[in-house]
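S.K.: Each chain, letter by letter, is given below.
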Amino acid sequence: MTTNPEDRGVVRVDFAFKRELAEKIEGDLASFCYQCGACVGDCPANTYSDGVFNPREIMLEVLYGLGDELLGPDSVIWQCTNCYSCHERCPQEVKPVEVIISLKNMLADRGMAPPAAEKVIRTFLSSGRTVPPSPAIDKQRAKFGLPPLPEVPMEEISKILEPDEGGTS
Amino acid sequence: MKEFAFFPGCLIPARHPAMEFAIRETLPKLGIEIVDLEGASCCPDPIYFKSKDKLDWLTVAARNLTLAEDKGLDLFTNCSGCTATLSESYHLLQDDELRAQVNKRLARIGRQYRGTSKVRHIATVVRDEVGYDAIKESVIRPLEGLKVAIHYGCHLLKPSRIMKVDNPDNPDVMEKLVAALGATPVRHRNWYLCCGKACQTEDLPATMMRDLLTTVHDENADVLGMICPTCFGQFDHGQMKVGKQFGMDFGTPPIYYFQMLAFAQGVPYEALGFERQRFKPEALKKYEGAEIPV
Chain A
1 MTTNPEDRGV VRVDFAFKRE LAEKIEGDLA SFCYQCGACV GDCPANTYSD
51 GVFNPREIML EVLYGLGDEL LGPDSVIWQC TNCYSCHERC PQEVKPVEVI
101 ISLKNMLADR GMAPPAAEKV IRTFLSSGRT VPPSPAIDKQ RAKFGLPPLP
151 EVPMEEISKI LEPDEGGTS
Chain B
1 MKEFAFFPGC LIPARHPAME FAIRETLPKL GIEIVDLEGA SCCPDPIYFK
51 SKDKLDWLTV AARNLTLAED KGLDLFTNCS GCTATLSESY HLLQDDELRA
101 QVNKRLARIG RQYRGTSKVR HIATVVRDEV GYDAIKESVI RPLEGLKVAI
151 HYGCHLLKPS RIMKVDNPDN PDVMEKLVAA LGATPVRHRN WYLCCGKACQ
201 TEDLPATMMR DLLTTVHDEN ADVLGMICPT CFGQFDHGQM KVGKQFGMDF
251 GTPPIYYFQM LAFAQGVPYE ALGFERQRFK PEALKKYEGA EIPV
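Protein chains in written order, with my numbering: chain A, 1 to 169; chain B, 1 to 294.
This is chain A alone, in the form it adopts within the complex:
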């Protein structure tokens, strides 16, 4: 959001933010939001944050293009529990959780993903798994007659994760 004192409080929609969000998969769905609030009632993050996390308000900020508030450090969006209740309840197929994940993608693009997320992603990029393989794991598996964890062909994973030429991601 840009508020200039000379604008007398007029909100300027940040269209660059909205365009960037729309490029993410299902990032553009907030356009269909009519602010009914069906997403709020079942939202556990809303209940347990005393209303600080509010999916309806986040959708409104997206509609207004108030990117600065959502894309700052310690953004409220990390409080989402990813329970998908808002997706279930929304009569407009806005899928608020998906819009929120798209916003997280924008934060990650800016190097602002939380350390826990960065750690899981590093583990995946080195082993193709979110739990890194180890001799201790294979020993546990052997107790149940299970073979060691199979290797993931990382050369294939690396190739499909290379950015598209001149395209998104």
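These are calculated hints, taken from the structure and not from any lab test. Hints should not be assumed to be uniformly reliable.
[Said to hold, decoys possible] In silico DSBU-like cross-links for lysine-lysine, where the CA-CA straight-line distance does not exceed 30 angstroms:
#1 K244/B <-> K119/A
#2 K164/B <-> K118/B
#3 K119/A <-> K104/B
[Claimed, not checked] Okay, the calculated beta carbon distance ranges per label pair:
#4 G131/B <-> E69/A: 47 to 55 angstroms
#5 K241/B <-> K143/A: 52 to 60 angstroms
#6 R189/B <-> S126/A: 24 to 32 angstroms
#7 K143/A <-> R278/B: 13 to 21 angstroms
#8 E165/A <-> E33/B: 36 to 44 angstroms
#9 L125/A <-> E33/B: 31 to 39 angstroms
#10 G41/A <-> D249/B: 31 to 39 angstroms
#11 G182/B <-> S158/A: 46 to 54 angstroms
#12 R210/B <-> A16/A: 26 to 34 angstroms
#13 P73/A <-> E144/B: 54 to 62 angstroms
[Stated by the list, open to error] Counterexamples of contact, computed for chain A against chain B with all Cβ distances above 10 angstroms:
#14 D14
#15 F15
#16 E20
#17 S31
#18 F32
#19 C33
#20 Q35
#21 C36
#22 N54
#23 R56
#24 Q79
#25 P91
#26 I101
#27 P135
Ideal placement from N, C-alpha and C gives every residue a C-beta, glycine not left out.
Given the coordinates of chain A, work out where chain B should sit on it, guided by the hints.
M.R.: What follows is chain B alone, placed relative to chain A:
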């Protein structure tokens, strides 16, 4: 025997091999043949990896789905997180533009996503392909009198239009699967509440878990029946952590459904790896030696 490609994911094979053992032990007895997939990676996880880059997430998921397509089989998962990623990817990839975008990337490794393999959660495989009656018939130790509180977790049920597992407002698949073992399912008051494990902040999920564990505890159940390995971690290790944090003692041991099924089918308690749990489902022990000859 009906064949299904098995997508075990990361969490169960690496952190809870006893659960994988139980699945491999029980499904063949129910007429389901497990076909392993070579070269599968993490689904990838629907929380952290997806929050980094949705297109990368979708591409890796599509590659995993092509492995089942190569075998000409539908795929089943044992983890609600894997089900979330793979079911949603199957759904998203019905969009021609997205499919073309993903296939452009898969072409680099000579693969193509075609959308020919459906994604099933293991609970729906046993419900729809086996049926409650056949499960009941496979039981040699009916768990009569065992009170099992049920926790579904979020991703098994929601979004229901995509997951296609059960009615998220009044599901019954877990209750009926538990009842098929002769046990008594009970629904705790916060059955609908998220376990909080996928929340990327600290304090908020701890309070949620406190409330969840309180209502589970109120039921005085012998065990808590689980279907999601992520929820399981919250109710086992997490139960200890939250108990300490709030100075409360809850003490309802969680148990993964397929370990309970394996036990009911006659696998010894000692062979099911419960010693690795912080809270052990010892109530099962009284059913050992109570086998009914078949």
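S.K.: Are the hints correct? Go through all of them and say.
M.R.: Each hint tested on the structure:
For the proposed pair K244/B and K119/A, the alpha carbon gap of about 26 angstroms is at most 30 angstroms, so the pair holds. This hinted pair checks out: K164/B and K118/B have alpha carbons roughly 11 angstroms apart, not beyond 30 angstroms. At roughly 28 angstroms between alpha-carbon atoms, K119/A and K104/B fall within 30 angstroms of each other, so this suggested pair holds. Range check, G131/B to E69/A: about 52 angstroms between beta-carbon atoms, so the 47 to 55 angstroms window is met.
Separation of K241/B from K143/A is about 26 angstroms and departs from the stated range, judged on CB atoms against 52 to 60 angstroms. Restraint check, R189/B to S126/A: a C-beta distance of roughly 43 angstroms breaks the suggested window 24 to 32 angstroms. For the pair K143/A and R278/B, the supplied restraint of 13 to 21 angstroms holds, since their beta-carbon distance comes to about 18 angstroms. In this structure, E165/A and E33/B meet the distance hint of 36 to 44 angstroms, their C-beta atoms being roughly 43 angstroms apart.
Taken as a hint, the range 31 to 39 angstroms holds for the pair L125/A and E33/B, whose Cβ atoms sit roughly 34 angstroms apart. At roughly 32 angstroms, the beta carbons of G41/A and D249/B sit within the given window of 31 to 39 angstroms. Taken as a hint, the range 46 to 54 angstroms holds for the pair G182/B and S158/A, whose Cβ atoms sit roughly 50 angstroms apart. For the pair R210/B and A16/A, the supplied restraint of 26 to 34 angstroms is violated, since their beta-carbon distance comes to about 42 angstroms.
In this structure the supplied range 54 to 62 angstroms holds for P73/A paired with E144/B, their Cβ-Cβ distance being about 56 angstroms. The non-interface label for D14/A is consistent with chain B: the shortest C-beta to C-beta separation is roughly 21 angstroms, beyond 10 angstroms. At roughly 21 angstroms, the least C-beta separation between F15/A and chain B is larger than 10 angstroms, which holds for a residue marked as non-interface. Separation of E20/A from chain B is adequate, the least Cβ-Cβ distance of about 13 angstroms exceeding the 10 angstroms criterion.
For S31/A, the shortest C-beta to C-beta distance to chain B comes to about 17 angstroms, beyond the 10 angstroms cut-off, and the non-interface label holds. Its beta-carbon lying about 15 angstroms from the closest one in chain B, F32/A satisfies the requirement of being farther than 10 angstroms from that chain. With a minimum CB-CB distance of about 16 angstroms to chain B, C33/A clears the 10 angstroms threshold, and the non-interface call stands. With a closest Cβ-Cβ approach of about 20 angstroms to chain B, Q35/A is found to remain outside the 10 angstroms limit, as its non-interface label requires.
Every beta carbon of chain B lies more than 10 angstroms from that of C36/A, the smallest distance being close to 17 angstroms; the non-interface claim holds. In this structure N54/A is separated from chain B by more than 10 angstroms, as the shortest Cβ-Cβ distance comes to about 14 angstroms. Residue-level check passed: R56/A sits 18 angstroms from the nearest beta carbon of chain B, beyond 10 angstroms. Here Q79/A does not stay apart from chain B, with its beta-carbon only about 5 angstroms from theirs, under the 10 angstroms limit.
Separation of P91/A from chain B is adequate, the least Cβ-Cβ distance of about 12 angstroms exceeding the 10 angstroms criterion. For I101/A, the requirement that its beta carbon stay farther than 10 angstroms from each beta carbon of chain B is not met, with the minimum near 6 angstroms. Interface exclusion of P135/A from chain B stands, the closest Cβ pair being 12 angstroms apart, more than 10 angstroms.
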